[in-house]
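Engineer: Assemble chain B onto chain A, guided by the hints.
There are 2 protein chains.
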Amino acid sequence: MDALIKEMEAICGKENVQYSNAAKLAYSYDATANFQHLPDVIVSPRNTEEVAEVVKVCAKYKTPIIPRGSGTNLAAGTTPTSGGVVVLFKHMNKIIELDEENLTITVQPGVITKTIIDYVEENHLFYPPDPSSLKISTIGGNISENSGGLRGLKYGVTKDYVLGLEAVLPNGEIIRTGGKLAKDVAGYDLTSLLVGSEGTLAIVTEATLKLIPKPPYKETILAMFKTLEQAAQTVSAILAAKIIPTTLEFMDQGTLQVIEDYKQIGLPTDCEAVLLIEQDGVEEAVKRDMDVIYQVCQDFSAINVQKAETEEEAEDLRSGRRDALSALARLRPTTILEDATVPRSAIAPMVREITRIAEKYDVTIRTFGHAGDGNLHPTCLTDLRDKEEMERVEQALAEIFDAAIQLGGTITGEHGVGEMKAPYLEWKLGKAGIGLMKSIKQSIDPDNIMNPGKMFAKSTKERLVMSNV
Amino acid sequence: MDALIKEMEAICGKENVQYSNAAKLAYSYDATANFQHLPDVIVSPRNTEEVAEVVKVCAKYKTPIIPRGSGTNLAAGTTPTSGGVVVLFKHMNKIIELDEENLTITVQPGVITKTIIDYVEENHLFYPPDPSSLKISTIGGNISENSGGLRGLKYGVTKDYVLGLEAVLPNGEIIRTGGKLAKDVAGYDLTSLLVGSEGTLAIVTEATLKLIPKPPYKETILAMFKTLEQAAQTVSAILAAKIIPTTLEFMDQGTLQVIEDYKQIGLPTDCEAVLLIEQDGVEEAVKRDMDVIYQVCQDFSAINVQKAETEEEAEDLRSGRRDALSALARLRPTTILEDATVPRSAIAPMVREITRIAEKYDVTIRTFGHAGDGNLHPTCLTDLRDKEEMERVEQALAEIFDAAIQLGGTITGEHGVGEMKAPYLEWKLGKAGIGLMKSIKQSIDPDNIMNPGKMFAKSTKERLVMSNV
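Going down the list, the sequences are from chains A and B. Heads up: the first sequence begins at 0 in numbering that gives the first Met the number 0, then just goes up one per residue. Heads up: the second sequence begins at 0 in numbering that gives the first Met the number 0, then just goes up one per residue.
Extracted from the complex, chain A is given alone in its bound form (with noise of 0.2 Å):
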């Protein structure tokens, strides 16, 4: 490791590599709890070339790579599972062009997502992929992840607004997929290959994004319904209705109670459920669907249909529901934030498997989500040091990522799979769609130099029978 450290000295400067044990501590874990291992040496590249000679080094020692953006995966993507050299983009961070005229903005990976949505908004412009984690994020870790947000259901998630990546391949040489093109079928699409990818295939240098025009006026509410089932049928007629609104957000009770505990917004917390609402558009447009949208929620009986007044009030309102999970993490010692996912239509069920499974092993679990994608985030609150109980946990999510499945759905819809979820992936591809994706990762990483331990596990958990979905 030593002659290793001293190379990447050479490559990135003193300066830029880091190996002191608090260094390695600091970087020796993510946002997922129960999962941590000690890095070698972390080091911060200048620019692409640096990039390209540091994979190149760790090639010549087959060393693992595990690139990092700000840590905030929840699915232990980004822990250095294995040790080997995490690589920070805290130099690549700049913002490289807008590109007003062909609607594209390209950016080095170690920029903020926040930073992105405020610059391409001052100028009029819109880059819809909005994390909960948008504020700390990176754009490099949510091209990895293919991040999701509050505004998918309309307007889809990162891999949507991809054009065109520069990437390092795990030999070290350079690649560049797509271009500002609006349509390119020059071969495979490497660039949807590589978002989402999780690290494993290539660590992405540059990205140029499709931008679209900023929607002139948007609305939010929060309706409140007495029972889950009504707030699941609501979503189900809204989107019936032909109606897709930017937002279509579920909160369980116990979500709303820790929320209004913590902010103190106002939130109701005598009802099961709220739904956060929001549309844009053209104002004719917006206020035409929003009156459809209120009329549901009063056929479902909701309770109440607070609209936002004002910008401040809305933002009251969607702040609520994007502090959620630090919200819930106040309650215990242990916050597991999970993703399954199903179609639509199928919420409703999902909720009350869920609701079924926490009481059947005893166990406190939240939910909250993006109700109109089916991408439920019922969130654990635990605690690590009691192993009895997470053994319980741990049960219970393997039961939830079953129900998913059997409903048609998936074990991870925005958050990746990680080392947390690698021994389940089989159970929603397959043998043969492991297989598949396990000749793509060796053919490309022969290796397995880049973030291993990752997405592909050692062995599969055994599945579950499930008599009652």
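It is possible that part of the hints are untrue.
Note: identical chains are not told apart, hence a pair may lie in one copy or across any two.
Taking lysine-lysine pairs in the DSS-like style, the calculated list, with each CA pair at most 30 Å apart, reads [unchecked claim]: (1) Lys430 / Lys93; (2) Lys430 / Lys209; (3) Lys286 / Lys153; (4) Lys134 / Lys241; (5) Lys209 / Lys93; (6) Lys430 / Lys55.
No wet-lab data here; the hints were simulated from the structure. As the structure is a computational prediction, the values presented were derived from the model and not from experiment.
Structural biologist: What follows is chain B alone, placed relative to chain A:
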């Protein structure tokens, strides 16, 4: 080959296996001039299991498999370049399910694109991708080629609407990717990898497509310009005004003249360029956008702006553009439709380049295409039997590809690489990019039985040195 044919007959039934000379001839070519090769046998499996069995037999004999929809490909993507087994989907042509709650439709590969479009519109839903061939092309072909169309500017291309696939791998294994899910990050994006892979990785046997609500209102105009530059500047100015029209199509004078001769629909023929512009959405927004678009056309000295007052008039204007290829094909014995694509800001320089190159090589090129996407279709009218002219045509087309790449573009926007453009692919991707694609192909299809000779060429054309772009 006799043994293989016997096995095919056992799998699909004698009536679904053809090997007469007439049948071989019928499937020896597609819509691409100058590419032809006889297959050995043509089979029509009746379901996914039969496709899997057919593939296993081909794998055993290491015989090429060429999946084929309606053969409308324009890059020699479905010619049986090395003989082998052509697979038809005439029995696998069912709409399996329209799911109005999840806004999806699940179809077999042999369904005609227009059948899907019409079917969902009857249910007030919308499937936007509309390649010009939609009346005869199959959805399987659209998926293999990632087809675009006239509505691509606002709504994207086929890949933006494929949520999940069932496909048969080269070893006969059946995989399922994605699902009725708005979000899914469980592993690599195999769906996007297969879309546009031109039958070189797997055979798609079922697809789940995303639908959106049908826009309630639409307006169509035709704007005529004295010069090409004025039309190109108008395109840029509309987008700079933060308006994304549904359709923003360009036709040059030569194309207009031929369409008018062919259809007599009153198209203007005394101007250098026209733009066909459509916007859809809610009525107020469409009217407001169209007012701005009308003003932009005036600002750039449009000679005339004609508005379709009825849906029939609009359909006439649209069908003029849609039939451009058929109309042009009447002029000379051979029609070569190209597909060079540039960033939309480079439309004007690209059109100038095409004009210059046509004059330099003394060949006839008429240009139309999707101006808003930067996706032009320079169409060369020539005669295959004239070897000397064909050499000049080939040089002209190569120089057009080179010009597109130098302007930040690509060699194909929506038609695919096929056999025709394979020798140019490295110009766009570089050695590292094409090496990466080859390693993916090799890992999935080690015996190279899936549509061999497409996408990857034995050798790359020598690049022209251009000083004038």
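Engineer: A separate judgement is required for each hint: does it hold in the structure or not?
Structural biologist: Outcome of the hint check:
1. Taking the closest pair of Cα atoms, Lys430 and Lys93 come within 30 Å of each other only across two copies (28 Å); inside a single copy the shortest separation is 42 Å, beyond that limit.
2. For a Cα distance limit of 30 Å, the shortest separation of Lys430 from Lys209 across copies, 26 Å, qualifies, whereas the shortest one inside one copy, 35 Å, does not.
3. Taking the closest pair of Cα atoms, Lys286 and Lys153 come within 30 Å of each other both inside a single copy (17 Å) and across two copies (23 Å).
4. Taking the closest pair of Cα atoms, Lys134 and Lys241 come within 30 Å of each other only across two copies (27 Å); inside a single copy the shortest separation is 32 Å, beyond that limit.
5. In this assembly of identical chains, Lys209 and Lys93 lie within 30 Å of each other by CA distance solely inside one copy; the values are 17 Å within and 35 Å between copies.
6. For the homomeric pair Lys430 and Lys55, the shortest alpha-carbon distance between copies (18 Å) is at most 30 Å, but the shortest distance inside one copy (33 Å) is not.
Violated hints: none; the structure is consistent with every hint.
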